[in-house]
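Chemist: Sequence:
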Amino acid sequence: KGDRLTPGLTFPARTPASTTPARTPEMLTSLKQGFSDRLVRSPLVPLPRRAEEETIDYATAAVFKGPSQLKPPSELKTKLLGWPETPFSPTNCVSSEFGHEPHKQVTAGMPAVDFELASGASGSSTTVALSALLAPKEGETLPVLLCAVSKSCPHCMAFKGAMEAFAAEYAGRVRCVAVVIMQPHPMKPEASFENGKTWEMPYSKGVAQARTLEARLEEARLIQGLLPSWTVLADDLPPGEEKNEDHLVNPFWSTYGPAPRCAFLVDAASGLVCHSQLWWEPARTRKAVEAYLKAKAAAAEKQKDDDGPKDDDDAAPAETPEAAAAAPAETTEAAPAAAAEDAGGPPAKEEGDQAASGPPGADSSDETATSAAATGAEAPEETPVAPPSAEEPPPTASEGDVALEDEK
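Start counting the sequence shown at 135; every next residue gets the next number (the working numbering).
Since the hints were derived computationally from the structure, they do not count as laboratory data. Every residue, glycine too, gets a C-beta built ideally from N, C-alpha and C. Any given hint could be a false lead.
To be verified - Simulated restraints, written as ranges between beta carbons of each label pair: (1) E186 with K213: 23 to 29 Å; (2) A305 with Q203: 36 to 42 Å; (3) K436 with G359: 28 to 34 Å; (4) R418 with E379: 15 to 21 Å; (5) A299 with Q203: 28 to 34 Å; (6) R307 with G233: 24 to 30 Å; (7) E334 with K213: 38 to 44 Å; (8) E379 with K199: 25 to 31 Å; (9) K331 with K428: 42 to 48 Å.
Stated by the list, open to error - Straight-line C-alpha distance at most 25 Å; calculated BS3-like pairs for lysine-lysine: (10) K271 with K428; (11) K285 with K339; (12) K213 with K271; (13) K428 with K285; (14) K271 with K322; (15) K211 with K285; (16) K436 with K331; (17) K421 with K436; (18) K199 with K428; (19) K213 with K285; (20) K271 with K205; (21) K294 with K211; (22) K199 with K436; (23) K199 with K438; (24) K339 with K322; (25) K428 with K438; (26) K294 with K199; (27) K271 with K438; (28) K331 with K271; (29) K213 with K294.
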């Protein structure tokens, strides 16, 4: 223990990377036991247990309200491990600094840090900012998947086909961004930043550590050709060999972590990292993205229901045109007239009504005709009133009249 692999633990022979994941279950078991399967050729470095991936509650991010928590570019770090002034060595590497390799410095639940890096698109001299990628476009915001890449990393080269297929599958739903970072396996005599020693791989041939932005952009253009559905950016370096203390050196690598294949899913509204991986893998990423998009869709549907029209079950139903035509029109004169008839007397008229209807004794048929003309309805036919009958007895005198006659 401490200088060799656990007795009895064997690793199966590798098969072509196109058909088999780069990391087998047995290899992951060795990691859980505190060993690195990638350092078997050098003295074994004990690894503490660490999460291969982290995820926050997607439902919480889906209903996030308030200003974005995306950190400004001023929060970017530079010159991790003192490179390039201090070369990598066994005492100045990721393993010696953090106790293991690779290492993430941003994990799920933390705010992402904004950056602006040069584009690797052919013939392009533009820069792309993370905040611009997270900003709404045509009224729609999309999450951003950040993934570190390099051409000397066998994991990256093995999964380039899966990366392109993933970006094509989620086009219009996720913005995929690849950032070209430091070489984990440069050709000899350069040392790897992971263990501070020379560590060549099949893809190390002809690959040197870039020390200028133009050299890194050349690699970014090559990777852009391999990943046409991705936005490929180059982690920043000084434009030339001369020293420039004010220029950022490897800001993405220094801030997000010296991990050759780390990945981060950044929510557009909150600016939070919702999911992070130490090693990008298509199955993990697809599972995380599907869960994230499902939570966002559920939150949007709930918001739509909350903002929609209220339940009108208790409201009175609207009157149909047929019902309005069938119902007799009630005028302002109808109420006082009905009240007067109930009292046994003639219908009472308001002062304004009397003035409008003319002097007392005017024919009521004129009033009916006027009302009908105003409403557009036909006036009812007049019913002739019969004159008093001659056979009717004359009216009798009142008691007051009889008393007056007696006095006389």
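Chemist: Could you run down the list of hints and mark each one as holding or not?
Modeler: Hints, verified against the model:
The supplied range of 23 to 29 Å is met by E186 and K213, whose beta-carbon atoms lie about 28 Å from each other. The hinted range of 36 to 42 Å is not satisfied by A305 and Q203, whose Cβ atoms lie roughly 27 Å apart. For the pair K436 and G359, the beta carbons lie near 43 Å from each other, so the given range of 28 to 34 Å is not met. Taking the beta carbon of each, R418 and E379 are about 40 Å apart, not inside 15 to 21 Å as hinted.
Distance hint check for A299 and Q203: the Cβ-Cβ separation is about 32 Å, which falls inside the suggested range of 28 to 34 Å. For the hinted restraint 24 to 30 Å between R307 and G233, the CB-CB distance of approximately 38 Å leaves it violated. For the hinted restraint 38 to 44 Å between E334 and K213, the CB-CB distance of approximately 25 Å leaves it violated. Hint check: E379 to K199, Cβ distance near 41 Å, so the stated range 25 to 31 Å is violated.
Checked against the hint of 42 to 48 Å, the C-beta distance between K331 and K428 comes to roughly 45 Å, which is consistent with it. A threshold of 25 Å between alpha carbons decides the hint, and for K271 with K428 the separation of about 21 Å falls inside it, so the pair holds. Taking the CA atoms of K285 and K339, the gap is near 10 Å; set against the 25 Å cutoff, the hint holds. Taking the CA atoms of K213 and K271, the gap is near 34 Å; set against the 25 Å cutoff, the hint is violated.
A threshold of 25 Å between alpha carbons decides the hint, and for K428 with K285 the separation of about 34 Å lies outside it, so the pair is violated. Between the alpha carbons of K271 and K322 the distance comes to roughly 46 Å, so the proposed pair goes past 25 Å and is violated. With a CA separation close to 24 Å, the supplied pair K211 and K285 stays within the 25 Å bound. With a C-alpha separation of about 55 Å, the suggested pairing of K436 with K331 is violated against the 25 Å cut-off.
The straight-line distance between the Cα atoms of K421 and K436 is roughly 23 Å, inside the 25 Å bound, and the hint therefore holds. Pair hint K199 plus K428 holds up; C-alpha atoms about 18 Å apart against a cutoff of 25 Å. For a cut-off of 25 Å, the pair hint linking K213 to K285 stands: about 21 Å separates their Cα positions. With a C-alpha separation of about 21 Å, the suggested pairing of K271 with K205 holds against the 25 Å cut-off.
Between K294 and K211 the alpha-carbon distance is near 28 Å, which puts this suggested pair outside the 25 Å criterion. With a C-alpha separation of about 14 Å, the suggested pair K199 and K436 falls inside the 25 Å cut-off, and the hint holds. Of the supplied pair hints, the one linking K199 and K438 holds, its CA atoms being roughly 15 Å apart against a limit of 25 Å. A distance of roughly 9 Å separates the Cα atoms of K339 and K322; the hinted pair therefore holds under the 25 Å criterion.
Among the hinted pairs, K428 with K438 is consistent with the structure: their alpha-carbon atoms are about 15 Å apart, no more than 25 Å. Simply put, K294 and K199 have alpha-carbon atoms about 36 Å apart, too far for the 25 Å limit, and the pair is violated. Proximity of K271 to K438 is assessed by CA-CA distance (about 20 Å); at most 25 Å being required, the pair is judged to hold. Restraint check for K331 and K271: not satisfied, since their Cα atoms lie roughly 46 Å apart, outside the 25 Å limit.
Of the supplied pair hints, the one linking K213 and K294 is violated, its CA atoms being roughly 28 Å apart against a limit of 25 Å.
The structure fails hints 2, 3, 4, 6, 7, 8, 12, 13, 14, 16, 21, 26, 28 and 29 (numbered hints given earlier, in ascending order).
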